[in-house]
Amino acid sequence: MSTQHQQQPFKFPKIYNFPPFFTKQPHAQTYATQLQQWIQLILDYCRYNRVWILNEKGVPLSQGNVDQDQSELTSQDLNSSTTALDDEDADVRKKGIFVNDKISRSLDTLMIQEIFQELITSGNASYVNNKRNANAKTYYIHWNTPSDWSTILLNWIESKGQSGTVFTFYELCFGDLSIGQEFYGIHPDILELAINVLVDDGRARLLKDEDGKVAGVKIQ
Amino acid sequence: MYEVKVNVYGGWAANMISLIPSKNHKITKINFQRPLIMNGIGLSAFDENHLQQFSQLGKTLQDRKTEELETQFTLFKSLLFNYIDTYRSQIESNGSLQSKIMQICQFLNIEPLQILNRDTDHDQFYYELSCKIIEFNNEEGNIKYGGLIPTLELLSELNSKLEGRNIITLDDLKTTIDIMTPLNSEIAIVKLNKQQYIKTFKLSLSTDNMQILQIANEIGCVSVSMIRDNLNWSVIKTKEVLKELVNSGYLWLDNGETNGESLYWDPGWINNLF
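For the protein sequence lines, the chains are B and S, in the order given.
full-length UniProt numbering applies: residue 1 is where the first sequence begins, and numbers increase by one.
full-length UniProt numbering applies: residue 1 is where the second sequence begins, and numbers increase by one.
If you're looking for bench data, these hints aren't it; they were derived computationally from the structure.
Predicted model, so just to flag it, every value in this text is computed and none were measured.
Some hints here could point you the wrong way.
Stated by the list, open to error - Mimicking DSS-like on lysine-lysine, the simulated pairs with C-alpha atoms at most 25 Å apart in a straight line are:
1) S/Lys194 x B/Lys24
2) B/Lys24 x S/Lys239
3) S/Lys65 x S/Lys100
4) B/Lys11 x B/Lys160
5) S/Lys65 x S/Lys77
6) B/Lys14 x B/Lys137
7) B/Lys14 x S/Lys237
8) B/Lys14 x B/Lys102
9) S/Lys194 x S/Lys174
10) B/Lys14 x B/Lys57
11) S/Lys174 x S/Lys199
12) B/Lys14 x S/Lys77
13) B/Lys14 x B/Lys95
14) S/Lys191 x S/Lys239
15) B/Lys160 x S/Lys59
16) S/Lys237 x S/Lys191
17) S/Lys174 x B/Lys24
18) B/Lys95 x B/Lys160
Turn these sequences into a full structure, and let the hints guide you.
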């Protein structure tokens with residue numbers, strides 16, 4: 001799915017080229033509209049390009065199919081090497097979604113924070129626990145919320161008649177059965193969030209090996 | 001007499017299609033031919049190529065089905081319109097029949113505006129139209145047009161859904177706006193730069209406001225110095241009027257210019273840029 005998309009870059013909405021879109025609007029009602037448009041744009045963009053993580057500048061840190069064995073950086077490199085087709089798209093990868101060089105505008109930090117806050121409130125984003133650098137804020141973008149993903153997983157398992165089968169996380173992400181599914185190549189952390197939803201609902205059980213590490217999951 | 005050659009391993013799916021329309025031909029003999037090159041034995045025969053042929057066949061059948069249904073649907077719709085036009089007076093006098101027909105229309109996603117007659121159902125027609133205007137304003141008005149809806153765009157939007165039945169004209173809009181005035185005294189048709197707009201916001205458009213809106217409307221954005229130089233207004237007055245316009249949602253503020261002066265944009269220009 002994502003390979004097709006790379007040939008046809010994301011089409012930004014017209015409002016992205018409207019200079020005041022990058023200034024926080026003083027009028028409350030206008031601001032509400034503006035905020036909503038930004039959130040829609042971020043979710044659409046991330047869904048289209050399968051972006052899993054954005055940093056506080058709106059630069060995608062992880063996107064496309066994430067191989068668990070690869071570090072997040074390499075998956076980002078993979079993507080940036082294939083680009084330079086469309087300026088806007090390449091700019092987002094370099095400078096973040098909140099900067100539009102074409103009209104030389106960038107959104108101020110305060111509003112960016114409010115956007116992320118709103119995304120978190122609505123369940124469409126969550127903080128990434130960053131052990132190495134606690135100051136750098138990064139966010140998982142849930143264009144499908146973990147509970148959406150859990151529903152998708154559950155439906156898929158039922159449709160394939162795999163209820164009760166034990167899967168490793170890797171098999172869920174990259175198994176032959178998952179090919180063509182929306183969650184194929186999902187970011188492992190987000191998969192974990194989705195599985196946790198299932199665990200809470202009593203629909204999944206985590207299986208641990210001798211060392212107490214999660215080895216697989218049984219969904220039914 | 002026809003002889004049909006079926007290539008078992010190659011494009012047999014394609015041959016299936018050619019079989020379907022020829023049901024009035026008599027097939028006497030089916031000649032199974034082995035292909036010269038075998039694709040593989042067992043499961044490997046089902047390589048991508050074959051799967052693609054299956055999905056192609058599926059798509060063709062599906063497309064044909066959709067097309068048939070669409071034709072049927074259009075036919076049914078035009079017959080329904082005919083029926084309504086012919087028996088209009090009976091339908092109107094019979095309440096249960098009328099509600100049945102409304103149900104059918106709702107089910108088929110037919111705009112009530114398409115079936116109402118503006119001469120006999122005068123009130124209902126304009127009532128329906130006013131609902132459409134409010135809907136349009138709520139969905140698009142604020143973000144795209146900043147509360148000033150260009151009548152031309154509204155008309156083309158409304159008419160695009162009506163498929164040529166009961167074309168709405170500017171006069172219809174005027175009648176509707178008159179009906180709506182008791183609900184919201186702010187609603188009115190105003191004229192800027194020869195274009196007519198429907199104004200829904202709570203703002204008395206004074207001459208000052210109008211002058212600025214006209215400039216913004218023509219070139220996209222205005223700034224304090226631009227207004228001061230062109231209209232010979234004092235800076236304080238200019239700032240005050242611009243602030244008022246921003247605070248009522250007619251203009252969007254832009255602080256991103258490198259020379260530091262704020263620009264005030266007409267949101268109608270979102271669609272004109274690039």
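Verification of the supplied hints:
1. S/Lys194 x B/Lys24: violated (32 Å)
2. B/Lys24 x S/Lys239: Between B/Lys24 and S/Lys239 the Cα gap is close to 18 Å, so the pair holds against 25 Å.
3. S/Lys65 x S/Lys100: The given pair, whose Cα atoms are some 28 Å apart, is violated under the 25 Å limit.
4. B/Lys11 x B/Lys160: violated (35 Å)
5. S/Lys65 x S/Lys77: holds (18 Å)
6. B/Lys14 x B/Lys137: Since the Cα atoms of B/Lys14 and B/Lys137 sit roughly 29 Å apart, the hinted pair is violated (cutoff 25 Å).
7. B/Lys14 x S/Lys237: With Cα atoms ~32 Å apart, B/Lys14 and S/Lys237 exceed 25 Å; violated.
8. B/Lys14 x B/Lys102: holds (13 Å)
9. S/Lys194 x S/Lys174: holds (16 Å)
10. B/Lys14 x B/Lys57: holds (21 Å)
11. S/Lys174 x S/Lys199: holds (12 Å)
12. B/Lys14 x S/Lys77: violated (36 Å)
13. B/Lys14 x B/Lys95: holds (20 Å)
14. S/Lys191 x S/Lys239: holds (24 Å)
15. B/Lys160 x S/Lys59: holds (23 Å)
16. S/Lys237 x S/Lys191: Holds, because 24 Å separates the two Cα atoms, which is no more than 25 Å.
17. S/Lys174 x B/Lys24: violated (36 Å)
18. B/Lys95 x B/Lys160: At roughly 42 Å apart (the allowed maximum being 25 Å), B/Lys160 and B/Lys95 break the hint.
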